[in-house]
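Heads up: the sequence lines are chains A and B, in that order.
Every letter in the first sequence is one number past the one before it in the working numbering, and letter 32, counting from 1, is 32.
Every letter in the second sequence is one number past the one before it in the working numbering, and letter 25, counting from 1, is 25.
Heads up, some of the hints might be wrong.
What the hints assert, rightly or not - Residues of chain A placed beyond 10 Å of chain B at every Cβ, according to the derived structure:
#, residue
1, Phe48
2, Gly89
3, Gly160
4, Glu192
5, Met200
6, Arg239
7, Gly241
8, Tyr265
9, Pro267
10, Leu288
11, Asn290
12, Glu299
13, Gln302
As the list claims (entries may be wrong) - If you want the footprint, here are the derived chain B segments under chain A, 3+ residues with CB under 8 Å:
#, region
14, 49 to 63
15, 71 to 83
16, 97 to 111
These are computed hints drawn from the structure, not numbers from a lab.
Note that CB positions come from ideal geometry on N, CA and C, so glycine has one too.
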Amino acid sequence: MTSLQDAPPDSTTAESVTKEQLSRLFSSMAREEAVDVRIRNGIKRGEFATVIWPSRGQEAISAAIGLALRPDDRLVTTYRGLHDHVAKGVPLPEIIGEVLGTSTGASRGKGGTMHIADPDHGVMMTTGIVGSGVPVAVGLALAAVKDGVDRVAVVTFGDGATNTGSFHEGVNLAAVWKLPVIFVCQNNLYAEMTPVEETMAIEHVAQRALGLGLPGVTVDGNDPVATYQVIRDAVALARAGGGPTLIEAVTFRFEGHYAGDGGKYIPAEQYAEAKLHDPMVTFPRFLLENGFTAAELDEIRQQAADEVEAAVKVVVAAPPADLEEIRTDVYADGLVVTHD
Amino acid sequence: MTETQTLSIREAINQGLDEALRLDPKVFLLGEDLADPAAGVNAVTRGLATAHGMDRVMNTPISEAAIVGAAVGAAIEGYRPVAEIMIMDFIGIAMDQIVNHAAKLRYMSGGRTSCPLTVRTAVFAGTGSGGTHSQSLEAWFMHVPGLKVVYPSNPADAKGLLLSSIFDPDPVLFMEASRLYGVKGDVPVGDGYRVPIGKAAIARPGTDLSIITYGLATSASLSAAEALAAEGISAEVIDLRTLLPLDIDTVVESVGRTRRAVIAHNATTVAGPGAEIAAQVSAKLFGALDGPVERVGARFTPIPARASEAAVTLNVADILSAARRTLGVVGV
Ligand SMILES: Cc1ncc(C[n+]2csc(CCOP(=O)(O)OP(=O)(O)O)c2C)c(N)n1
Numbered sequence: 001m002t003s004l005q006d007a008p009p010d011s012t013t014a015e016s017v018t019k020e021q022l023s024r025l026f027s028s029m030a031r032e033e034a035v036d037v038r039i040r041n042g043i044k045r046g047e048f049a050t051v052i053w054p055s056r057g058q059e060a061i062s063a064a065i066g067l068a069l070r071p072d073d074r075l076v077t078t079y080r081g082l083h084d085h086v087a088k089g090v091p092l093p094e095i096i097g098e099v100l101g102t103s104t105g106a107s108r109g110k111g112g113t114m115h116i117a118d119p120d121h122g123v124m125m126t127t128g129i130v131g132s133g134v135p136v137a138v139g140l141a142l143a144a145v146k147d148g149v150d151r152v153a154v155v156t157f158g159d160g161a162t163n164t165g166s167f168h169e170g171v172n173l174a175a176v177w178k179l180p181v182i183f184v185c186q187n188n189l190y191a192e193m194t195p196v197e198e199t200m201a202i203e204h205v206a207q208r209a210l211g212l213g214l215p216g217v218t219v220d221g222n223d224p225v226a227t228y229q230v231i232r233d234a235v236a237l238a239r240a241g242g243g244p245t246l247i248e249a250v251t252f253r254f255e256g257h258y259a260g261d262g263g264k265y266i267p268a269e270q271y272a273e274a275k276l277h278d279p280m281v282t283f284p285r286f287l288l289e290n291g292f293t294a295a296e297l298d299e300i301r302q303q304a305a306d307e308v309e310a311a312v313k314v315v316v317a318a319p320p321a322d323l324e325e326i327r328t329d330v331y332a333d334g335l336v337v338t339h340d
Numbered sequence: 001m002t003e004t005q006t007l008s009i010r011e012a013i014n015q016g017l018d019e020a021l022r023l024d025p026k027v028f029l030l031g032e033d034l035a036d037p038a039a040g041v042n043a044v045t046r047g048l049a050t051a052h053g054m055d056r057v058m059n060t061p062i063s064e065a066a067i068v069g070a071a072v073g074a075a076i077e078g079y080r081p082v083a084e085i086m087i088m089d090f091i092g093i094a095m096d097q098i099v100n101h102a103a104k105l106r107y108m109s110g111g112r113t114s115c116p117l118t119v120r121t122a123v124f125a126g127t128g129s130g131g132t133h134s135q136s137l138e139a140w141f142m143h144v145p146g147l148k149v150v151y152p153s154n155p156a157d158a159k160g161l162l163l164s165s166i167f168d169p170d171p172v173l174f175m176e177a178s179r180l181y182g183v184k185g186d187v188p189v190g191d192g193y194r195v196p197i198g199k200a201a202i203a204r205p206g207t208d209l210s211i212i213t214y215g216l217a218t219s220a221s222l223s224a225a226e227a228l229a230a231e232g233i234s235a236e237v238i239d240l241r242t243l244l245p246l247d248i249d250t251v252v253e254s255v256g257r258t259r260r261a262v263i264a265h266n267a268t269t270v271a272g273p274g275a276e277i278a279a280q281v282s283a284k285l286f287g288a289l290d291g292p293v294e295r296v297g298a299r300f301t302p303i304p305a306r307a308s309e310a311a312v313t314l315n316v317a318d319i320l321s322a323a324r325r326t327l328g329v330v331g332v
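Same shape as in the complex, but just chain A (with noise of 0.2 Å):
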């Protein structure tokens, strides 16, 4: 078990990890943040309305999950997964038309930011109910294990969600059943406006799985080549029949709870020193320190920025969903209750 005090933070080392694993390492961390920096400046030129829950920051964890998972494996995340689905693979326009509500969204507009659901790419739920994703991923490893394959599952959330009766009550039963499933939580040091010493009485999320009965692992969650390793080896232990792990990453929510929070219950100084960790700022230093040119990174950085705009333009010309289709997936056959 690794902890943040033997893993400063921006210590990453290149080990075992390939210049074509870094590299899309960042250009995943570029596709998330700019589709999190597109939405937001959206909403503040009131160019659309809408509400996304804000992951700038937290763009190295995904990241390393994208890269760790096959397209197979399963993947359950919360409001606050819109970097998730990218680094999962969603199309942007599916991600991006489900947070505007028009047709061209995951789900034709009748999921919303806090519901895309993409089973193509392995993204079977997303949740806005805290807590709720941790059982469900334990029964996507639970058919993973009927099927006899070795596809894992992944589940992300964040501190506050360990709170909940259901993850505890999920890690429990697959920690007993020992399934294929890896619990991922994006420590980002607050719920809501909560900050995580106000609701745990113990230091590290990880502790939490020695009551439970599995590993737990924390690791700079700045940094996305600890984070991918951490991963990786949990994924390889899952998928070999070795049970689920808990893994903590810590890092940081630059932009408040949701868009447009100002985040003022923020400490000027943690704000500060938690800057200095951004990953969109520290990984770029690593890369150039490590055989990247800055003409690469500014053209992941730019060919990112082209395809969220190009998924932008296409989702904003698409209409909203009609009646009829609001109407239709609330029962397989058609069926339809009204009153009248």
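Keeping the supplied structure of chain A fixed, place chain B with the ligand upon it in accordance with the hints.
Same frame as chain A, now just chain B with the ligand:
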């Protein structure tokens, strides 16, 4: 003629589960104490773990949210899990998974995921178990688009509706009255037997008044009809069998003929299923009714301890009073 055998509701459900497990490898059961030799406080799953193995009949920790949540996850991967919530009063702990996830995943994914899950649960009404072990909470679920709610009253329906529920593409809440587990009746033999979800049955034909009921309240309604018959009043008893979707057509057809309706259930009358049915009947048959639509259910109190339970829950006398009120009999 269909071949039948006499089974209790407990045996009929057990047989339905056994057949589902045999018919489809995607079916599995999970819940507390399900496996042999214990086979649960309701003993509905007796023998199934022995016959099908512990990986098809899975014992879980006491974790209602995780039982249903894991079932949701497996269901969206194409399994047909049957999750048991031992007693309905515990379902609040799994409510989030049922209402926010199972019921809505198809919709919120635009049909890209599907949740063919069955949640079986036992209603302990009438067992004297008090306020946290005897509630009839079906109205909570009738409020939820995307869910189906089924509540059989006899062995044949129990088996046929259970198999329909398990093989339904949508999530179904399947209610079982523990008081009825021992009730016997004829059940058609064979794997193909199904009772369709969403179709009410005329449990007893009649011409003067319609008693609309379901589940545990069906036998009290039939007893009331019997008593009314002795007085020369012909009551039709409709067993809804499914509460969501509600077979309002059968109800309206019946009340259209009899022009009088009483709705009887074990859930509380206040905001109970009868409120919805009464509103729909009144709206559709306004002008054709010869009396007010009456509804009877439990009093609006928590369920008290053993000796007093009968005083607050539905009984035959309540149904008879309501029948007399809608028939315009004075002095009731
Ligand atoms: C069950 C539940 N309770 C409360 C809320 C309201 N809520 C939304 S986000 C949030 C904070 C969750 O914090 P955390 O799990 O740390 O995730 P983060 O937002 O930091 O990613 C709360 C309380 C909710 N959505 N679900």
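How the hints compare with the structure:
no.	hint	in the structure
1	Phe48	20 Å, holds
2	Gly89	15 Å, holds
3	Gly160	15 Å, holds
4	Glu192	18 Å, holds
5	Met200	20 Å, holds
6	Arg239	17 Å, holds
7	Gly241	14 Å, holds
8	Tyr265	27 Å, holds
9	Pro267	33 Å, holds
10	Leu288	41 Å, holds
11	Asn290	39 Å, holds
12	Glu299	34 Å, holds
13	Gln302	32 Å, holds
14	49 to 63	holds (count 4)
15	71 to 83	holds (count 10)
16	97 to 111	holds (count 11)
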